[in-house]
Amino acid sequence: MKQIKFSFLLICLLLLNSCKKELVEIPESNKPIFTASGTIGADTVSFVVGDDASIFNTLIEKWNGVDYFNGFLTNEDLKIELGLFNGDNDFLNVNFEEILSSSNFPFAELSQKPVFEISKENFQNHENIKEIKWKIDGIYAGTNNLCITNPGKYNICAQVNYFNQVPEEICNEIIVGFVENANFELEYLLDENKQLSTWIDIESNTEIATIKWYMNDELVSENVNLQALINSKLNTIKAEITFTNGAKRTRSILVDGTNSQGSIEDFTQFQQNTSSLWDYKLKLVIHQNNDEFSSLNINNDSASFKINSIAYLGNDINNKPIYIFSGNLTAKTKSKITNEILNVNLDLSWGLSID
Amino acid sequence: MSWSDKDIDNLFREAASNGKKPVYHDSYFDEIANLLPQKKGRNYFYWTFFAVISVFTVGSILFVFNKDIKSQIPKATSRNFDSDSQSETKIVTLISENIVVKNKFNYNQKEFSDKVKSYKLALEDEISTGTAYKSEELDLKNEELRVKSEELKVEHNIFEDEVSGIQSSIKGEQIESLNLEQKINQNNSMNESREEKTFFEINTLNYYSLSNPVFNSDLEKSILALNLPSRKKKHFLVADLGLGFSESFVNSGGTSSKIVQTYALGLAYKYRLNNYAFEIGFNFMNYKPTGLQSNRESKVYGFEVERYRQEINYKLISTLELPLMISRRIKNQTLSIGIAPSLTLGSIVDFKKTKNDIDLSDERIYGNKTGLTDFGLKPQVYYTLNLKNNFEFGAKISTNVLNSLNETKFEGKLNNLPIQTQITLRKTITLK
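Heads up: the protein sequence lines correspond to chains A and B, in order.
1 is the number of the first residue of the first sequence in the working numbering; add one for each residue after it.
1001 is the number of the first residue of the second sequence in the working numbering; add one for each residue after it.
Treat the hints with care, as some may be off.
DMTMM-like cross-link-like pairs, simulated, lysine to aspartate or glutamate; straight-line CA separation at most 20 Å [said to hold, decoys possible]:
| # | chain 1 | residue 1 | chain 2 | residue 2 |
| --- | --- | --- | --- | --- |
| 1 | B | Lys1299 | A | Asp77 |
| 2 | B | Lys1355 | A | Asp67 |
| 3 | A | Lys135 | A | Asp77 |
| 4 | B | Lys1355 | A | Glu173 |
| 5 | A | Lys113 | A | Asp279 |
| 6 | B | Lys1369 | A | Asp52 |
| 7 | A | Lys336 | A | Asp77 |
| 8 | B | Lys1355 | B | Glu1297 |
| 9 | B | Lys1369 | A | Glu28 |
| 10 | B | Lys1409 | A | Asp291 |
| 11 | B | Lys1369 | B | Glu1304 |
| 12 | A | Lys31 | B | Asp1350 |
| 13 | B | Lys1355 | A | Asp279 |
| 14 | B | Lys1353 | A | Glu25 |
| 15 | B | Lys1299 | A | Glu28 |
| 16 | A | Lys320 | B | Asp1350 |
| 17 | A | Lys320 | A | Asp52 |
Hints are computed from structural coordinates only; laboratory data are not their basis.
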């Protein structure tokens, strides 16, 4: 009986030991994901990310307040940047599936014309204004005159110094060089009884969905128009507006309750019209020989990035989706130093993180 | 001259005083075995399959619900035969059996005495040329003969009654030969020559055993066995220890050597039926490959490339075989054939892992199954030679018809039918 028990025990131990035990499987090899091959200027190039000591990376950067979805391939000698500017920047949410269904992406071009230009003299009561100090996104940008040439989404603040009043600051968000889905002005009228009337003058084909009126940072009304008595000081009137097309904007003005001599009207109206908007446009930059060749510096009306396929790759470390764009890119770039023009023709398998 | 019972008695007594030791040859046993009826058409495949299932099922049940049955079986050694009167009883028993044989086969006295003489002379001739009889051999022989006689008794159930009847008659009553002959003649299907030979041999061996007190205990067992309930010893436990070599698993390429060392430890249940035996058990088989490596590399492209490399150096591969064997015993040799499904238990490997040429780990791993197939199937032939004390020395040759390795994991071409040989030492243990 001992022999049988021993045998039984031995069998059990052996069977237990036979449980499947695999080593950690080695990751499966795959084909290169990011590649670039073609010509840059007179040079024929072929990059396989992972080989040739090259790496790839994607970043979501802010370019003048606008999301810029950038991908770059770099090795010891060369760096290629190709990125996509976000669009519809006044929308809370963007339907990227529709955007990514595009088969061609044009290139952005940096215009020499200002996209926003304003000076103290543009204000009706400029004679009462000693000076205006302009700040862009909190950074001093000039006194009295402000000129912006790069498209973007900026927070412009005007610190107004009066001759006979205490200084006051008024800020507004502007979107220049990009599409504004809600184009409007905040208008006001103050009668002699200090009765203030404010309203939204919409120039776009949309309507107000909701609006909140704030007086000196205090919510005072959610009606379409604001009717209120104001005091004898400088009052900040701010409207938070959501439009039926999905755009959301804020707009502020200063209203002087004494005699309107200190009022500052909606200065966003001074932005310049531009025919070249950068929504969902590309920027290509080639870094080589200590020089930077950018597609923004040259007309690229004939350039294109013809997409063969767009596929989801995965999420990046910030949990943003990465898409692989495969296609042919033809564009011009211009040196910042020598003005040399490089013609670029590349077959790309390129990645971009898109928020 | 006709032989009376007294003459036969005298013949045994005379021979008993001879004092020579008998020699037993396996050929006697084989001759008898060959005379046994062969059950034609028996399907051993189904029997074996049934045995496999039965061993697992019944074995498990017995293991759990086993009850000690020792007390239910009378012990052969409980009877003592060391006095003169008891020796006399033995002789009387033997004589009575001879009378049965004589009557059963309708010998006249002369024919019967001639038969006895011929066996006596044959044995004496072997005694003069042979070596001393050994207690274990006599025990074994008596046991095997007893088993055969038991089988004969089962087939011809009148025999046991006759023995007891004759014994009763010897003790005080007259032998009713006519009635006995009538009873015997009723059994028309009896294989006379086989039964005759069996009983002549039993009695002749017993007769010679009587001549040497050393064998009294063996004789006692033999005689008791004729009268006690059947206790067939057909069940055995066998343990194997094997050492050997195997052809390499990989024919070419890589760094693997051509010969692989092996060692094995086995345990099996054996069921013996006459000269045939069936075995089922477990064999823990180990291979010690040299230079057998499975190196794996991968290159994962992404934002950069990650180069992974794993070096697996196999040190030991263990399998659990379930051999199903059928064997034929010829004299003191046994030849077995069978098949052994095997389950790969795992392996011991040295495992080195790097990423972008930087060592991540370098360790010994137990139980790895990477690169190994789960199952194998090994036809095998096994030859053993009987030694003393139920040990056997043997040689086994086998091959694996299913590859032990996963071909995609190794360089080179796998050896499809690697020949494996082992020398073995086997110990047989008789079960209750």
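Requested in this report: Please work out if B:Lys1299 and A:Glu28 have their alpha carbons no farther apart than 20 Å.
Outcome: Holds. B:Lys1299 to A:Glu28 sits at ~7 Å (cutoff 20 Å).
Query raised in the report: Given the hint that A:Lys320 pairs with A:Asp52, does the C-alpha gap stay at or below 20 Å?
Result: violated (27 Å)
Query - B:Lys1299 paired with A:Asp77 [C-alpha distance capped at 20 Å] - result: violated (24 Å)
Query raised in the report: Does A:Lys336 pair with A:Asp77 here, judged by a C-alpha cut-off of 20 Å?
Result: holds (18 Å)
Query - Restraint status (C-alpha distance of B:Lys1353 to A:Glu25 at most 20 Å) - result: The hint holds at about 11 Å.
Query raised in the report: Quick one, are B:Lys1369 and A:Glu28 close enough, alpha carbons at most 20 Å?
Result: Holds, at roughly 19 Å.
Query - Hinted pair B:Lys1355 and A:Glu173, Cα distance within 20 Å - result: With a Cα-Cα distance of about 50 Å, the restraint between B:Lys1355 and A:Glu173 is violated, given a limit of 20 Å.
**Report entry** Distance restraint between B:Lys1369 and A:Asp52, which requires alpha-carbon spacing of 20 Å or less
**Finding:** violated (37 Å)
Query raised in the report: Holds or violated: A:Lys135 with A:Asp77, Cα cutoff 20 Å?
Result: Violated, at about 39 Å.
Report task. For the pair we were handed, B:Lys1355 and B:Glu1297, check the Cα-Cα distance against 20 Å. Result -> holds (10 Å)
Query raised in the report: Is B:Lys1355 within 20 Å of A:Asp67, Cα to Cα?
Result: Given that 20 Å is the threshold and the Cα spacing comes to 35 Å, the pair is violated.
**Report entry** Given pair status - B:Asp1350, A:Lys320, alpha carbons within 20 Å
**Finding:** violated (40 Å)
In the structure shown, a violation is registered for the earlier hints numbered 1, 2, 3, 4, 6, 10, 11, 12, 13, 16, 17, in ascending order.
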